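Protein chains in written order, with our numbering: chain A, 725 to 1129; chain B, 317 to 678; chain C, 23 to 266; chain D, 18 to 273; chain E, 146 to 431.
Derived by calculation from the structure, the hints in this document are not laboratory data.
Just so you know, these numbers come straight off a predicted model, no measurement behind them.
Careful: at least some of the hints might be erroneous.
[Claimed, not checked] Below, in silico cross-link-like pairs of lysine-lysine (DSSO-like), each with a Cα-Cα straight-line distance of 27 Å or less:
id	chain 1	residue 1	chain 2	residue 2
1	D	Lys188	B	Lys440
2	D	Lys209	D	Lys188
3	E	Lys230	B	Lys440
4	A	Lys791	A	Lys811
5	D	Lys40	C	Lys160
6	E	Lys230	B	Lys637
7	C	Lys261	D	Lys100
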Amino acid sequence: SSPANDGGTSPAPGGEAPAGSNEITIGVLATAEGNLAFGMDEAKAAIGVAMAAYGGDVDGAMIGDTKVNLVYEGTDGTSATAQTKAKKLVENTGVDVMFGPVSGDEGETIVQYALTVPDVTFVNGSASPVSMTLEGAENFFRFHGDSAMWMGGLGDYAFKDKGYKKIYSIAEDYSFPYDNAGGFFSEFCAAGGEVNGNSWVPVGTTDYATIIAQIPADTDAVYVGLGGADAASFLAQAVTAGINKPLVGGSIAVDTTALSGDSNIAAAAVGTITGGPVPGADFSTPTWDTFVADYAKQPNAFPSPSIFAVLYYNSFAPLLQAIEASKGDLSDNQAALRAALSATDWASPTGQITMDANRQAIVDNFLTEVVEGDGGALTTKNINEATGVKQGTVVYQRFDGCPGS
Amino acid sequence: MTRLATPTRSEKSRGWLRPGLIIGLIVLALAIAFPHLVDRPKFWIPNIGIKSLWLGIVAMSLVFLNRYVGLLSLAQMTIAGMSAYGVAYATVTLGLSPWVSIVFGLMIGTLAGYLVALVAARTKAIYFLMLTLALGQVFYSWAAQAVDVTNASRGLYPVPRPDLGVMNLADLNSFYYFALAAAVLCYLLCRYVATSSFGLALQGIRDSPERMSALGYNVNRYRVGAITFASFIASIGGVIVVFDRNQVDPSVVNLNATLDILIVAVIGGIGSLLGVFAGGVVLSLLLNFSQDFTDRYMTLTGLVFIAVLLFAPAGLAGIGKQVQGVKDRVLRKKKSAPVLEPVQEPPTKPSEEELTTEGTQR
Amino acid sequence: MKQFEPASSQTEDSVFEVTNLNVSYGRVHVLQDVSFTMGREPLGMLGRNGMGKSTLVKAITGFIPAQSGSITFGGKEILGRSPHHVNRSGIAYVPQGRRIFPSLTVHEHLTMVGAKKSDRWNVASIYDLFPRLAERRKNGGGNLSGGEQQMLAIGRALLSNPRLIVMDEPSEGLAPAVVDNLAEVFRALVGEGQAVLLIEQNLHFATELCDRILIMVNGRIAADLPAHAIAGDAEVQSKYLGVV
Amino acid sequence: MIMPDTGHALRVRGVSRNFGGLKALRDVDLEIADGERISVIGTNGAGKSTLFNLIAGVFPATSGRIELFGEDVTGMSTAKRAKRGLARTFQTSRLFEQLTVAENVFIALGGSEFRGGSLRPAWRSPSRWERGERLLERVGLREKGEAVVADLSHGEQRQLELAMALALQPKLLMLDEPAAGFSPSERTHLVKLLREIPEEITLLLIEHDMDIALAVASRVIVMHDGEKILEGTPDEIRASERVREIYLGGSLDEAV
Amino acid sequence: MEQFLLVTLNGLTLAAVYFLVASGLTLIFGLMRVITLAHGTSYLLGGYIGYVIVRETGNWALGALGAALAVGLLGLVIHQLLIRKFQDDDMRVALITLGVALIGTDLMLATFGGTATQVAFPAALQIGVNVPGVGQYPLIRLMILGISIVVGILLSLFINRTRFGSIVRAGVDDSQMTAATGVNVRIVFGAIFFLGSALAGFAGVVGGTLFPLLPGQDGTYLLFSLVVVIVGGMGSIPGAAIGAVLVGLVSQYTLVIAPTYALVVTFALMVVVLAIRPQGIMGRAV
Ligand SMILES: Nc1ncnc2c1ncn2[C@@H]1O[C@H](COP(=O)(O)OP(=O)(O)OP(=O)(O)O)[C@@H](O)[C@H]1O
Ligand SMILES: Nc1ncnc2c1ncn2[C@@H]1O[C@H](COP(=O)(O)OP(=O)(O)OP(=O)(O)O)[C@@H](O)[C@H]1O
Ligand SMILES: [Mg+2]
Ligand SMILES: [Mg+2]
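In isolation and in its complexed conformation, chain A is listed as follows (with noise of 0.2 Å):
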């Protein structure tokens, strides 16, 4: 049903459709394969709860009077294969929006596009580097907080309420982890935190035994910026090596996908605390049980949004209330668009969401602990948030000790 695939009769590429148009055409992007390759499916039961809202599904709905497509492009996470998904999405399918990406490294790719091409509009996905809002894209926008963000609270939180004094980073040796991690030891760093060393690892490292061993005896906590599979080797040998140390979380180390994974890492997590968009699993609030139970009629839906999930969907429902606001109109450079994605004011399922002047959203921000739950099973409980946290200025890179010193 989506006309926009059928190459021929596509509409031209956006810039170029006349003014007052009543058809958009969204090219999303996520990945299909690879270790994120769950991130298309993700994607889809995101769009599907914000489409579902406008009586449409993962192809389209009539937003008003205007008739909105999706086209999907499936990616493998790296950014070649972002780059040459969106140039063809652009430039032969034709589309006048960009939704997505995934991954970090795709999303920096991506904005360095979105430069190119001026006359697209790109929201993003859940791509969540500090540098991105911070390239001058003035066709880009962020309706999540960056991965330092992600952070935000979590640094005061660990100091003062936990009594952390020194914390031992592990995090993995890719741009990701050097937010996440700046983002959270700038803050317990300027709380009067000291970090005891630091271990940055290869992605992909599968024994973490030897890294274990590392940790000083001195330590209060361990910082964990493991995402994915690596998460789950470590938690899973932190238990075999039997690890005693409490464990900070970076923002993906114990997502959904790292819990309900099934090995037995209970004796280690329980007690980990983390920051991050998604809220624990207590959280409750009207529009969150909305979103989570639609969320959980989607096909290949996981038991509870993932971080994709949650992220693709608070950013997806701005673009349709934005093209709701615009009635459409792709009119000189889609301005009116933009600007209806600039001025947005949503009560999103995880706190109100606003633009700031980069068009990086304004969000509320949470932190989590893991808890053992009814029957066993490993749940997170909310334990604070941080509204209103703003984007900061600092592109981390690898750093030693407290960022910066």
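Dock chains B, C, D and E with the ligands against chain A, hints included.
Below, chains B, C, D and E with the ligands without anything else, positioned relative to chain A:
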């Protein structure tokens, strides 16, 4: 050992005038007209056209080494990546002018190839393959970690397409013709080298290095020369890569990228210097369009790949000859006269299959 | 199958027969209607270089396919069977150029054939036959001297304890005394009823060992002569073999 | 200090070579004057090919010293020795299997011709192809010029092997069982060819065929178990009881 | 000192997993000279099959056995259908296995998803034991070390004490001539493929018990086992053991000294070994 297609009879004395020339010219004409034939040039030119060209150029360097030197290198994309990093580093970090950056990139790639050659020239067949694979992984891991030089996983950007004076690459058509010219140049260079006495000597070394030394040839020097030359060709591909992507990051040289080159070479025909471009077109089409038919891009690529290997071992480039061969065989069966095509496989070692099917039944 | 008249002491099961064999390499028609029959006897074959002798042998052993014709051994068709079937039907092969396995030691070459201690030929008796091999038993096959490789190739074939042994220029590279010794050994074997098909360039070796000799010229059997008719006859030699 | 001696094509002094525990060559001395014709005979595994390999520089000697045309070449590479005028054949053919016969010879002819390697298109050297053709004619392979080497019969490959060494126009020619695989008529032809080799070329020949070894040599060297046990004229060798006993054997007397 | 011993022990137990994966490759690639680029795929598939069986039956040993058999049979089928005909054309075979790997990886992704799973093992074994000089050490890692040693010994007995090893090497040198000594080369090679793949499948279950199973691990294990086999010398079981220990130790030590460059150093190790000794540590020069 390390050769795929049955090669090459003699290439002497036939010079440039071969039956393939006409087909080659037609293809070239099509390639020149390509930007004007497609309906969405901004998509087709970079995503299919330019991508096929650089995939082809890098794969050509692999084919050259395999066919004339008997070495299968998995480091060709790595070399191209080094050249791309070189251009990007010169542009982004050092702020050098485009021409200088290009020369810098080419030098980095070629020099790296030379150093690889010094280590690898002594190793043979499988070891060479593994050594180049390992070198590729070393560079990939390093590029993904060395924040100071490569900016780690973020990579170096932006590398805009420059105005070279003679040609403004910022214009997509110009960039395409730039890449096409580079491809033609690479092909002519490879052919020229292959038909020279040097090229013949390389083939001699491929078949019997001991004999070559006994004849007074410095085998190592020839091998190093050939690998360095192939690295230069790959480096040219790398320059196009960096301008095509406007950036360079570790994904340019990861394992998938390495395998892509192998796939291109095989689909095109690993014995053919020109077939690589057909391989490049097939792969870039698969990459861009397979998702319109299936979610399983990799499975599709794998199936195409295996099908080529099983049924058209000489790749797309060899299909013409294969059809001819089948025709002859049919004719032969009909007439039952002993008009036979030369056996395809080296006749010293026919497989058991051939023996049982072709042997006489009584 | 053509009716065969058994020679005096021969039984049907050791009759080896090639009928109208045609082999081509591509367009080159190398073997043209080759036919001959042999029993438990030593049969020699001579011919100038490139006449098709090895081609015949390779067709017999299943190394290359034939276009038409038939090869039977003990009444069973072996043409078109793969080399290991041919071997198991009782035919062993000493190839031209030795084709030693470079990655195997001398001893491994001999043990891999799997001859039993009770067999006529076993590893120990091969070492007795070629003491030089025993001295070099741990040496890699690729590092042997040419003559040692030839001994090994012969030993490897004997270990199959074949009813018919096909040898393609086995004397190549062997010192005269060794050839001499070999001739003696094979004469003894022939006495035990061993069938031998011997391709040779060494006229003396061939005529010493064989009573009957075929001469191949341009892919055809040009003559079938008793050995003594060749040994002493310069005219025959010059006619068929180009010896001047 | 040994003075350069221009009168000697080859001098081998006290050369030994061990392979692991095996002493393949033991303290061998050899002096060959320019233009001499030497045959090396000896039992299988006596070390003849090893001696050739040491002279040609395929692998280094364990001890000892080798001089070519008065120059110490003990540590020199194979290629450099070849450029000083040494050519050899291999007992087991080493040919460019996937190339044609003509191309094989073309490459061989280049060995003495250019140093770094020429980037001139091969087909633009007609004179080199012609010389190759004449060479093939000499060894009796003229008809096979366009055949791919892998398709040659064994004997034909041996003929090409010979052509490859002759192509170098060497000052010292070393042939390792050139007649192996040759038919009797090709052998006669070979003897003729060897006799036609210009006088100034030094010839070192390994051969098990006494008809050839004794026919072309002015001096014969007999080896056994890694040692040179005897040296003499063909007649002396024929007469030697020792040679008969360990090498020639008895019943094939007529062959000698 | 205690830390050094601990890291060393970690290196050795990691080496045990590498060795198990590499031992199959030593047969297929080292001995039979077939460059199989699908070996990592066999590993991962074995892990997944083991995971499913263990999840359904709760029996770890059954999972390991089932995975070994299933992957072994699959390897045999692939050999008979796709590889056998081109046995002598080693590059073509390598590329075919690459195609198999591409497809296998993709289908596993479609079937098992992109999230990490791990093979469960009895809680009774999830304990530490006291290792002198090191302190508490996970029992499971020591058990895996033991399994590897047993497999290694059995395998090297099989290769060196039977004619099998010679026959395979002969078959690789010259398959026709090997057949001419009466060996059915096709069956022998098929058996090797079965055994090699089965070992990879088994290794997948063992590895999947210690480390997570997920897309990408196939490539990682392929590379590591290639490095192990090459460094150790092709076709030699002791070589593979040495290679595995070297790779395991080097990667663990660098994780301590310069974690960022752990991968670089591991691959650089292979480059250095090949540059100095082109045939690998225990390899025979050919
Ligand atoms: N590379 C090597 N490694 C180990 N042993 C070797 C090597 N090369 C030769 N040998 C051994 O050295 C001895 C001498 O070999 P060589 O080839 O010189 O003999 P030859 O006199 O040429 O014999 P033939 O007449 O049989 O060719 C042989 O016993 C052989 O096995
Ligand atoms: N694989 C091949 N392809 C094409 N032609 C071949 C092939 N093998 C051999 N020939 C040709 O077939 C002819 C017969 O070869 P064959 O090897 O049978 O000769 P032969 O009698 O054994 O000679 P020799 O005494 O030299 O060993 C030769 O002219 C040879 O060039
Ligand atoms: Mg022959
Ligand atoms: Mg010799």
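Can you give the numbers of the hints that this structure goes against, from lowest to highest?
Result: hints 1 and 7 break, sorted rising.
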